[in-house]
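**Student:** Sequence:
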Amino acid sequence: NGMHQPFGKNRIQYEQFDWQKFEYETYTIFFYGLGRNLAEFTAFEADGITGEMQRFFDYPLQSKKIQFVVYQKLEHFRQSNIGIPEGDESNVGGVTQLAGNKVFLYYDGDLNNLRKQIRSGIAQVLLSQMLFGDNWREMIKNSTLLNFPLWYTEGLKDYATETWSVQADDRLRDMILRNDYEKFNRLTGEEAAIAGQSLWYYIAETYGSSVIPNILYMSRVSRNVESGFLFVLGISFNTLLNDAKLY
Numbered sequence: 051n052g053m054h055q056p057f058g059k060n061r062i063q064y065e066q067f068d069w070q071k072f073e074y075e076t077y078t079i080f081f082y083g084l085g086r087n088l089a090e091f092t093a094f095e096a097d098g099i100t101g102e103m104q105r106f107f108d109y110p111l112q113s114k115k116i117q118f119v120v121y122q123k124l125e126h127f128r129q130s131n132i133g134i135p136e137g138d139e140s141n142v143g144g145v146t147q148l149a150g151n152k153v154f155l156y157y158d159g160d161l162n163n164l165r166k167q168i169r170s171g172i173a174q175v176l177l178s179q180m181l182f183g184d185n186w187r188e189m190i191k192n193s194t195l196l197n198f199p200l201w202y203t204e205g206l207k208d209y210a211t212e213t214w215s216v217q218a219d220d221r222l223r224d225m226i227l228r229n230d231y232e233k234f235n236r237l238t239g240e241e242a243a244i245a246g247q248s249l250w251y252y253i254a255e256t257y258g259s260s261v262i263p264n265i266l267y268m269s270r271v272s273r274n275v276e277s278g279f280l281f282v283l284g285i286s287f288n289t290l291l292n293d294a295k296l297y
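Note that our numbering numbers the sequence shown so that position 134 is 184, with each residue one more than the last.
Source of the hints: derived by calculation from the structure; they are not laboratory data.
In this text, a Cβ means the ideal position worked out from N, Cα and C, and glycines have one as well.
There could be a bad hint or two in this list.
[As the list claims (entries may be wrong)] Straight-line distance between alpha carbons at most 27 Å, and here's what the computed DSS-like set of lysine-lysine pairs gives:
#1 Lys123 - Lys166
#2 Lys115 - Lys152
#3 Lys114 - Lys71
#4 Lys71 - Lys123
[As the list claims (entries may be wrong)] Here are the computed distance ranges between Cβ atoms for each label pair:
#5 Thr213 - Phe72: 28 to 36 Å
#6 Asp224 - Gln104: 21 to 29 Å
#7 Arg273 - Lys123: 41 to 49 Å
#8 Lys71 - Glu240: 27 to 35 Å
#9 Asp230 - Lys71: 38 to 46 Å
#10 Pro263 - Asn235: 22 to 30 Å
#11 Leu227 - Asp158: 26 to 34 Å
Using the sequences and the hints given, assemble the complete structure.
**Tutor:** Shown next, in the form of structure tokens:
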């Protein structure tokens, strides 16, 4: 009788995935069911992207392997709360989730979107290792993390993932028209990421992207975000912001 019929929602929610994995030299890829093709695609893409990101950041991937966890659909990804900060489920969807050296991916029917998630995840792992050391989860407890605002880290991750885009351009235009662009350190969420991405984009276009690893290094050793720009570019942060806004 119908009383014993399980609700569809609960059945999906408690679906057990029979995880399998591919082991490679620098990463492990977890997949389930018919996800073998997605895992192979991830392996192929990750290979080239890892090399590209290591050259971009001028920094080698540290000893720990990157672990890619590939979900076959967005609903599966949403129902699994692995890697999602407690109470912050709202940011799922279009955002690559990361926990330590694990990168959580989902396939929404668009391989280009999956490729972008792989790029974003590898950029995030390398950036975290570069700024906070190999054991960066421990470093999160350390106050040094406070020196790297959201626009700096998220903006750079997004620049490394996708240099610039029409969507980012539209959002940036709105921010400049509202006179929000100069308020870098007060920006939050997507606005902080877009402002930061635009600044890194401007720096790369004007000074060449090869200065970026030097800026990161100087920011890290001086424990001061603005000093990194001053030491490498020879101008104050305020001047840099004004130049970028005019550009």
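**Student:** Can you let me know if the beta-carbon spacing of Asp230 and Lys71 is within 38 to 46 Å?
**Tutor:** 45 Å Cβ-Cβ, so the 38 to 46 Å window holds.
**Student:** Given the hinted pair Lys114 and Lys71, is their alpha-carbon gap at most 27 Å?
**Tutor:** Holds - the C-alpha atoms of Lys71 and Lys114 are around 16 Å apart, at most 27 Å.
**Student:** Within a Cα-Cα threshold of 27 Å, do Lys123 and Lys166 meet the stated pairing?
**Tutor:** 16 Å, holds
**Student:** The hint says 22 to 30 Å between Pro263 and Asn235; measuring C-beta to C-beta, is that right?
**Tutor:** 23 Å, holds
**Student:** Tell me if the straight-line CA distance from Lys115 to Lys152 falls inside 27 Å.
**Tutor:** 9 Å, holds
**Student:** Okay, Leu227 versus Asp158 on CB: inside 26 to 34 Å?
**Tutor:** 32 Å Cβ-Cβ, so the 26 to 34 Å window holds.
**Student:** Using the C-beta atoms of Lys71 and Glu240, is the stated range 27 to 35 Å upheld?
**Tutor:** With a Cβ separation near 33 Å, Lys71 and Glu240 satisfy 27 to 35 Å, so the hint holds.
**Student:** For Thr213 and Phe72, compare the CB-CB distance with the range 28 to 36 Å and indicate the outcome.
**Tutor:** 30 Å, holds
**Student:** Confirm or reject the claim that Arg273 and Lys123 have a C-beta distance inside 41 to 49 Å.
**Tutor:** Holds: the Cβ-Cβ distance is about 43 Å, inside 41 to 49 Å.
**Student:** Verify the CB-CB distance for Asp224 and Gln104 against the hinted window 21 to 29 Å.
**Tutor:** 35 Å, violated
**Student:** Run the distance test for Lys71 versus Lys123: straight-line Cα separation, threshold 27 Å.
**Tutor:** Holds, at about 18 Å.
Consistency with the previously given hints fails for number 6 only.
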